[in-house]
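First to last, the protein sequences are chains H and W.
Oh and the first sequence: position 49 is 49 in this note's numbering, straight run, nothing missing.
Oh and the second sequence: position 27 is 27 in this note's numbering, straight run, nothing missing.
Among the clues, some could well be false.
Claimed, not checked - With a Cα cut of at most 30 Å, we get these calculated BS3-like pairs of lysine-lysine: (1) H/K100 <-> H/K49; (2) H/K61 <-> H/K100; (3) H/K71 <-> W/K9; (4) H/K100 <-> H/K69; (5) W/K14 <-> W/K57; (6) H/K69 <-> W/K9; (7) W/K57 <-> W/K44; (8) H/K49 <-> W/K57; (9) W/K44 <-> H/K78; (10) W/K9 <-> W/K57; (11) W/K14 <-> H/K49; (12) W/K44 <-> W/K14; (13) H/K61 <-> W/K44; (14) H/K100 <-> W/K57; (15) H/K58 <-> H/K71; (16) W/K9 <-> H/K61; (17) H/K100 <-> H/K58; (18) W/K44 <-> H/K58; (19) W/K14 <-> H/K71; (20) H/K100 <-> W/K44; (21) W/K44 <-> H/K49.
Stated by the list, open to error - To give an idea of the interface, some chain H residues facing chain W are shown, with a C-beta separation under 8 Å as derived from the structure: (22) H43; (23) P55; (24) K100.
Quick caveat, the hints were computed from the structure, so don't treat them as lab data.
Cβ atoms here follow ideal geometry from the backbone N, Cα and C, with glycine treated the same way.
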Amino acid sequence: AQSVSQHNHHVILSEAASLELGCNYSYGGTVNLFWYVQYPGQHLQLLLKYFSGDPLVKGIKGFEAEFIKSKFSFNLRKPSVQWSDTAEYFCAAHTDNTDKLIFGTGTRLQVFP
Amino acid sequence: NAGVTQTPKFRILKIGQSMTLQCAQDMNHNYMYWYRQDPGMGLKLIYYSVGAGITDKGEVPNGYNVSRSTTEDFPLRLELAAPSQTSVYFCASRPLGQGFGEQYFGPGTRLTVT
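Build out the structure end to end from the sequences listed, making use of the hints.
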């Protein structure tokens, strides 16, 4: 069965540190990939998405993610985090044989000033 | 557009009570979804609908029911509330075709069953 794994459950960083959150999926066919962000007390918002083409995608607020097909990965990166990036981040995959999004368990990011 | 709206925002139920969580969207989206979010577990799909009159089970449908009589509304019904249903519930929608997989989420309903 398809699945999405996020191995970093809780990440703590200081402002200006670089961020990389891991995401791996298990599916051999065509896949669309997403990162959603959930700020404290708010609902999920789309951060960025990959459908096809350039494997390096840029999203809002300086985030980017790289799709590496050979590694089944879609890691999220940001060169310099801010306190306002404190949130929970969810990786999700949509495969070509389903109407559903499959979510990872999420990574809680805390950024301290 | 209001997007996806959910009511109530918070609710406390006693074991065995029933309630309906409301979800509405004004974007004319075909697809609608109900998820539950438990700490450390991510989002689990309860039910989904690909259009009015059509619903299907997700990963964790037991204890819930849904209906989709209109494109706009997708209520989730809990018939006999149990403590295991304590969770945050999110409704989401997406249009047919565009941004395949990209979903728009509501603000959530925090439900506690005691």
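Structure-based check of each hint:
no.	hint	in the structure
1	H/K100 <-> H/K49	15 Å, holds
2	H/K61 <-> H/K100	27 Å, holds
3	H/K71 <-> W/K9	40 Å, violated
4	H/K100 <-> H/K69	21 Å, holds
5	W/K14 <-> W/K57	25 Å, holds
6	H/K69 <-> W/K9	40 Å, violated
7	W/K57 <-> W/K44	11 Å, holds
8	H/K49 <-> W/K57	26 Å, holds
9	W/K44 <-> H/K78	27 Å, holds
10	W/K9 <-> W/K57	24 Å, holds
11	W/K14 <-> H/K49	40 Å, violated
12	W/K44 <-> W/K14	23 Å, holds
13	H/K61 <-> W/K44	27 Å, holds
14	H/K100 <-> W/K57	11 Å, holds
15	H/K58 <-> H/K71	20 Å, holds
16	W/K9 <-> H/K61	28 Å, holds
17	H/K100 <-> H/K58	24 Å, holds
18	W/K44 <-> H/K58	27 Å, holds
19	W/K14 <-> H/K71	47 Å, violated
20	H/K100 <-> W/K44	11 Å, holds
21	W/K44 <-> H/K49	20 Å, holds
22	H43	5 Å, holds
23	P55	17 Å, violated
24	K100	6 Å, holds
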